[in-house]
Amino acid sequence: MFNTLQLPSGHITHCGARFVNRFLTPSLFLLVFSALLVLSAGAAHAESVVPNAVPPVGTHDGDDVPQPIEFPHNTHVDVNKINCMYCHTYARRSPVAGIPPTSKCMGCHSVIATDKPRIKKLTEYWENKEPPPWRKVHDVPDYVHFTHEKHLKRFVFDNEGMEVENVSEVCAFCHGDVKNMTVAHKVKPLNMGFCRRCHEANEGPFDCWKCHK
Amino acid sequence: MSLSNILEDWSRYRKDREDGGFHDYEHMWGMAIDLNKCIGCNACSVACYAENNLPVVGREKFSKGQAMHWMRIERYWDEPDLGDDRISEFNQHGANFIPMNCQQCNAATCEPVCPVAATYHTPDGLNAQVYNRCIGSRYCSNNCPYRLRFFNFYSYYEDAWPAPLEMQLNPDLSVRDKGVMEKCTFCVQRIRSVKDKAKMDNRPVADGEAMPACAQTCPTSAIVFGDLLKHYDPDTNAPETKVTKMWRAHQVELGKPRQNKQNPELRGYRVFEGLNTDPCVMFLERVREV
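In order, the protein sequence lines correspond to chains Y and S. Those letters in the first sequence? Residues 998 to 1210, per the numbering used here, in order. Those letters in the second sequence? Residues 6 to 295, per the numbering used here, in order.
Check the hints yourself; a few may be wrong.
Said to hold, decoys possible - If you only want the chain S side, here are some residues facing chain Y, beta carbon under 8 Å, derived: (1) Y125; (2) T127; (3) P128; (4) A133; (5) V135; (6) Y136; (7) N137; (8) D177; (9) L178; (10) S179; (11) V193; (12) Q194; (13) R197; (14) D201; (15) M205.
Please keep in mind that the hints were generated in silico from the structure rather than gathered at the bench. Positions of the beta carbon are idealized from the N, C-alpha and C atoms, including for glycine.
So here's chain Y without its partners, still in its complex pose (with noise of 0.2 Å):
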């Protein structure tokens, strides 16, 4: 039963059962997770920029995944100020963010940055017919009823001082900090502990129902 202990801090540790009965006693058990415990606590309270919200603490070097076309997002979000829901409109209004439409692509592209090469493989696309095989980067397991449309609205819609032109801070809560990435890669665990700390610190529902499907 013990041999995978979930701390507090994500970290998966592994270990034998005797030695959780020879060594890990039961005070010392507890001067681990209650330091721990102040660790993540002290972590999560750090002031964060968006006001009312406490981001969620935890990294995960996920893998790189490769795209048909490397979408550069920091040209995007940090060079040309674009909002984040302008493509991702579904965030809004839907439980998934979604990809946009290669006509949304095209809206601005057939006019700007023609001859890049990327772009040009675009047109292709567009000219084919055919959507770019965009590859899923960050997925919840489907047991797991996540929606964006509800942390937006507590997020970034009723967030008092929450200015929109702001979202990316929002969204960078667990996709990372896309504004500098040019192909997005998975930098937070999105686990259960990291889903359960941020409901913790914001007040967020504790329902086993209200995720697990």
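Once you've looked at the hints, dock chain S against the given chain Y.
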């Protein structure tokens, strides 16, 4: 979920039962099933199979008691009337039907026996089953007086939906793994989406908005589903829900383990309420000419 959460669940229920009102709950989803209207057509059962990704186990496993129907129609035959003509094996009135799904007991017998707290009570008054936490000890099934919990004895996901049938699976809930207990959830995925929608619009959930698949499909509208906490409120002029109206009309109350059966107009009862499980499903007795 831990021991403290279970204790909180129970103390919340006990406190609200003594106060009379269940005000600490967000909702109290309940049902009223009119057996006068039920024709035993099994449409509710079929709808449940379609909605909740239930595998069809086949005759062999069914006969072993390994059926997976969250909603079942039970048949009860009266004593055959062996009067002058002894030709009829069965009573001329036919069978009595009773649709049985999880009764969502408030004092659920399945909850305290779970060794890993995989089943617990939500603030919606639902008896929840968390599949990821279930270790398949089957204590809950053994402790359920209604026999309405079903166990995945086999890896049904491997062969219950041969291609392309897996395309008809409902993405709103998971396909259960082998060794996991499951049961009727009052279509919690529908309740969840309705609550999300209501919250996005900043309004309370309307009556009839949340509708489980069985109630939706019933051709005679024998199954009525709604929130048992929505009574008529003269201050806000908010109407009471249809299900509350039926419970009140038949003087069935949450937390009342016995019905007064003197008045033949009062047909309401709950199954095995003498066990004090306090179910959320009320049945209206069938009336027939003798």
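If you check each hint against the structure, which ones fail? No numbers; nothing is violated.
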